[in-house]
Amino acid sequence: MKFGHVFKECLRNEGFPPEWVDSAISYSQLKKCINKLTSELAQVGLDPATLGKLLKHVEDYNASTDQNDDQDRPFEYILSGDDTPGLTKERKPFQPKLLFYVNEATGALHSAKLDAETKRKLQMLAVEMGMTDLRVFEEPDHDSLTSLDSNPDPTSPTNDLPHTNGPRKRPGYRTVEIPLTSDTEFFTKLSTELSGLEALQEKEKQKMHAEIDDLGKQMAKLTDPDRRANKKLLSVWRQIFQLYLEEGVFFGTTETDHTAHDADKAAKRFQEFCNKIAQAGLVDKFKKKENIQALNTFIHINQELLQGLRFGEINRTAMLKILKKFDKQTALGVKAAFPKRIEYPEFSEHLAKAVCAEVTTQVLSHVPQLDDYSCPMCMDLKWRPVRLSCGHVFCIRCLIVMQTNKQHNCPLCREKTVVDANSAENLDLELADFLKKWFPDEVKAKQKYNELMAGIDQYGEVYAEKCTVM
Amino acid sequence: MALPKRIIKETERLMAEPVQGISAIPHEENLRHFDVVIFGPSQSPYEGGVFKAELFLPEDYPMAPPKVRFLTKIYHPNIDRLGRICLDVLKSNWSPALQIRTILLSIQALLGAPNPDDPLANDVAQQWKEDQNKAIATAKEWTEKYAKP
Numbered sequence: 001m002k003f004g005h006v007f008k009e010c011l012r013n014e015g016f017p018p019e020w021v022d023s024a025i026s027y028s029q030l031k032k033c034i035n036k037l038t039s040e041l042a043q044v045g046l047d048p049a050t051l052g053k054l055l056k057h058v059e060d061y062n063a064s065t066d067q068n069d070d071q072d073r074p075f076e077y078i079l080s081g082d083d084t085p086g087l088t089k090e091r092k093p094f095q096p097k098l099l100f101y102v103n104e105a106t107g108a109l110h111s112a113k114l115d116a117e118t119k120r121k122l123q124m125l126a127v128e129m130g131m132t133d134l135r136v137f138e139e140p141d142h143d144s145l146t147s148l149d150s151n152p153d154p155t156s157p158t159n160d161l162p163h164t165n166g167p168r169k170r171p172g173y174r175t176v177e178i179p180l181t182s183d184t185e186f187f188t189k190l191s192t193e194l195s196g197l198e199a200l201q202e203k204e205k206q207k208m209h210a211e212i213d214d215l216g217k218q219m220a221k222l223t224d225p226d227r228r229a230n231k232k233l234l235s236v237w238r239q240i241f242q243l244y245l246e247e248g249v250f251f252g253t254t255e256t257d258h259t260a261h262d263a264d265k266a267a268k269r270f271q272e273f274c275n276k277i278a279q280a281g282l283v284d285k286f287k288k289k290e291n292i293q294a295l296n297t298f299i300h301i302n303q304e305l306l307q308g309l310r311f312g313e314i315n316r317t318a319m320l321k322i323l324k325k326f327d328k329q330t331a332l333g334v335k336a337a338f339p340k341r342i343e344y345p346e347f348s349e350h351l352a353k354a355v356c357a358e359v360t361t362q363v364l365s366h367v368p369q370l371d372d373y374s375c376p377m378c379m380d381l382k383w384r385p386v387r388l389s390c391g392h393v394f395c396i397r398c399l400i401v402m403q404t405n406k407q408h409n410c411p412l413c414r415e416k417t418v419v420d421a422n423s424a425e426n427l428d429l430e431l432a433d434f435l436k437k438w439f440p441d442e443v444k445a446k447q448k449y450n451e452l453m454a455g456i457d458q459y460g461e462v463y464a465e466k467c468t469v470m
Numbered sequence: 001m002a003l004p005k006r007i008i009k010e011t012e013r014l015m016a017e018p019v020q021g022i023s024a025i026p027h028e029e030n031l032r033h034f035d036v037v038i039f040g041p042s043q044s045p046y047e048g049g050v051f052k053a054e055l056f057l058p059e060d061y062p063m064a065p066p067k068v069r070f071l072t073k074i075y076h077p078n079i080d081r082l083g084r085i086c087l088d089v090l091k092s093n094w095s096p097a098l099q100i101r102t103i104l105l106s107i108q109a110l111l112g113a114p115n116p117d118d119p120l121a122n123d124v125a126q127q128w129k130e131d132q133n134k135a136i137a138t139a140k141e142w143t144e145k146y147a148k149p
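Sequence lines, in order, name chains A and B. Position 173, counted from 1, in the first sequence is what my numbering calls 173; the numbers after and before it change by one each time, with no gaps. Position 77, counted from 1, in the second sequence is what my numbering calls 77; the numbers after and before it change by one each time, with no gaps.
Just so you have them, the derived chain B footprint on chain A, three or more residues with Cβ under 8 Å: (1) 374-380; (2) 393-407; (3) 411-424.
Hints listed in this document are in silico derivations from the structure and should not be mistaken for laboratory results. Since this is a predicted model, take the numbers as computed values, not measurements. Glycine included, every Cβ here is placed at the ideal spot set by N, Cα and C.
For reference, chain A alone in the conformation it holds in the complex (with noise of 0.2 Å):
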């Protein structure tokens, strides 16, 4: 299937809201200006295969020199006048310049090495058109002309450096401009485009933003446990947004994967996420109305910022690929040029940080987890929190087990402060009551779990059987 074809499947099928799919990128308009260019061209006597071999010939010496002096280049395209990249973000409209050297005296292309029927192709245009025909002009001396990019050559870094290779004096040359319109109307539209997809992009953003900043304070509420109601639901809203860390829609946190997922891994992970919950009947211990309705609010966000990536995803591709045909149209050589000149708004992966990071900080720390409280020895909840000297913080079982086996140094920085910790300041009473109130059903069986180990202890082995035979 063509891609053309595709994307608008695509633009129609997925539920994309209406707005979005008007600002997407008119793949098939931008492939009609392609057509009119290639028939302009065509007119002036430059087919593909022609343009092709002009644009082989300069890479072949740009090659062969490794320098950019490129003396004998025979014409150039310009992509667009006085811009510098600093300006990117205010988008000048495009000029873009088709320009080829002919010899003043003989009307002879500017190039040694082309073959002789493109050569013949390339003055027959110069002269049969009588060069008044096409716009020749000498070579404008001053500055602001020097400073254009004319780099055709996708490898030489397109900055706003003094270039040595704008078009430039060469004595006795003339320089012809052929009179190019659809291309200038290609780069306009494309360009306004993508401007226009960032800033649904700037909406979007703000829009969830306001979502998000709702949900985290329902989220607030609903988890609070001084509130008597809560007490049950903070494991539940525990598990759910656990299970949604382990599975790292967005973004992989292990050491294998580590790295920004695509929209199609992200909508995987997302699915399986919401999979779990509803196997662990997570939904169904919700009694209440509110809670219910905040979860989908969660899950709603997560859609959308879904939806978003896939958005942005389809249409760097269309915007790749309809550069791509232009190339292969044309044979101008713009694709490697163009996506410098004009940064491509990173929708996706920007607002998928910006998102994960806002959901992560106004919704899920409503919920402390367990693993960021447990004891780095037993992995277990810190209770008792014993804090040493050194500022380290584990639980009270196994240090003093550390301390009957006479290892005295920390087990995280290795200063010798276990020893010294036998008093009860050394207990964190602040996080203490913090473990307490957010981890009651943690807090109570480690505490039995404490008091059952200080008794084998005291009276060993046996004193577990009897423990679990009362």
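Following the hints, put chain B in place on chain A, whose structure we already have.
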């Protein structure tokens, strides 16, 4: 006694997010006993080699370090003929905050950076000091001979 929560958690995580170039799988009948496979680090004489090892978590783990031993023959100044490993974090520098995954990573790093100044296999260490190129060649040879799957 039942398996401590820590060992269960570590095992789960090792299964869910394996360390690159390392695998550690517990025995079914003894969950404190792991079959370990370490892939030779790239740009070392052990590159391309697959080294088997065994890891055992003693009763007082994590207060005491795990016991690790190579099963595949390896030519390395800090690993002897019986596969015993000379590595500070396995002995004096053990910390209960270290884990199976961090220890295995340290061992993998030891393969990438042999330390002949603190030898366990004296003959190998001496060879390493006298003629490093030859020692590296031997290590490569052994990798070819013993550590190919």
